[in-house]
Amino acid sequence: MALTIQRRDRFSFGYPKIVYSGTQRGIAKGSMTVRTCAAIKQAKRVRPLLYGGRWSKYKYGEAWQIDYITFPESCRGKHYVLTMVEATTGWLETYPVPHATACNTLLGLEKQVLWRHGTPERIESDNGTHFKNSLINTWAREHSIEWVYHIPYHAPAAGKVERYNGLLKTTLKALGRGSFKNWEQHLAKAT
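Sequential numbering from 0 applies to the sequence shown in numbering that gives the first Met the number 0.
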């Protein structure tokens, strides 16, 4: 039985047409399988989704932007906060750490993102040494995550996470009555 795949006209939405030189039953079964596979791939990768009035390529939890922000040292010895923003909805997750390292980045991602929201397809970050190293690259490859680095010294490239960093600092300062005193205790309330 011979198999050929042809492109259809403009009304078929890009699905291929299967032509068998065999029985009629084989034609119907083969074309249905290929159409189903093509539809799944298109729905996952090509068609943008409408979230909050804007079109997005990803579904909830598939794309995240991450960054570190610095605060005065807390009573528990924490000095940095790993901020993780979901790209389609703007959901904010935070993870306070004593040092901005690759190990702390992976711990924060696993505890706050992977365990709560599932494995993302894409993570965007700046070019800091805590994001751009072999440990992060190996971990991302093992989890099949595409890690994208922003343009250096260009904050608008990481627009959503930078905006949330500013909002988080403003909120923590307001909760601390004009200072960042006890910022770690107010972090859960601010997010």
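Keep in mind that the hints are not guaranteed to be accurate.
[What the hints assert, rightly or not] Here are the simulated EDC-like cross-link-like pairs (lysine to aspartate or glutamate), alpha carbons at most 16 Å apart as the crow flies:
hint	residue 1	residue 2
1	Lys180	Glu85
2	Lys110	Glu72
3	Lys77	Glu61
4	Lys159	Glu72
5	Lys131	Glu145
6	Lys168	Glu183
7	Lys168	Glu92
8	Lys110	Glu85
9	Lys172	Glu72
10	Lys110	Glu92
11	Lys188	Glu92
12	Lys77	Glu183
13	Lys168	Glu72
14	Lys58	Glu109
15	Lys159	Glu85
No wet-lab data here; the hints were simulated from the structure.
Do the hints match the structure? See the list:
1. Pair hint Lys180 plus Glu85 does not hold up; C-alpha atoms about 28 Å apart against a cutoff of 16 Å.
2. About 22 Å separates the Cα atoms of Lys110 and Glu72, which puts this hinted pair outside 16 Å; it is violated.
3. With a C-alpha separation of about 29 Å, the suggested pairing of Lys77 with Glu61 is violated against the 16 Å cut-off.
4. Taking the CA atoms of Lys159 and Glu72, the gap is about 26 Å. The hint is violated against a cut of 16 Å.
5. For the hint linking Lys131 to Glu145, the alpha-carbon distance of about 13 Å falls within 16 Å, and the restraint holds.
6. Of the supplied pair hints, the one linking Lys168 and Glu183 holds, its CA atoms being roughly 12 Å apart against a limit of 16 Å.
7. Among the hinted pairs, Lys168 with Glu92 is consistent with the structure: their alpha-carbon atoms are about 14 Å apart, no more than 16 Å.
8. Straight-line distance between C-alpha atoms of Lys110 and Glu85 comes to about 15 Å, which keeps the hinted pair within the 16 Å bound.
9. With a C-alpha separation of about 14 Å, the suggested pair Lys172 and Glu72 falls inside the 16 Å cut-off, and the hint holds.
10. Only pairs whose Cα atoms come within 16 Å are accepted, and Lys110 paired with Glu92 is accepted, the gap being roughly 10 Å.
11. Annotation: proposed proximity of Lys188 to Glu92 holds, straight-line Cα distance about 12 Å (limit 16 Å).
12. Between the alpha carbons of Lys77 and Glu183 the distance comes to roughly 8 Å, so the proposed pair stays at or under 16 Å and holds.
13. With a C-alpha separation of about 14 Å, the suggested pairing of Lys168 with Glu72 holds against the 16 Å cut-off.
14. Simply put, Lys58 and Glu109 have alpha-carbon atoms about 19 Å apart, too far for the 16 Å limit, and the pair is violated.
15. Simply put, Lys159 and Glu85 have alpha-carbon atoms about 9 Å apart, close enough for the 16 Å limit, and the pair holds.
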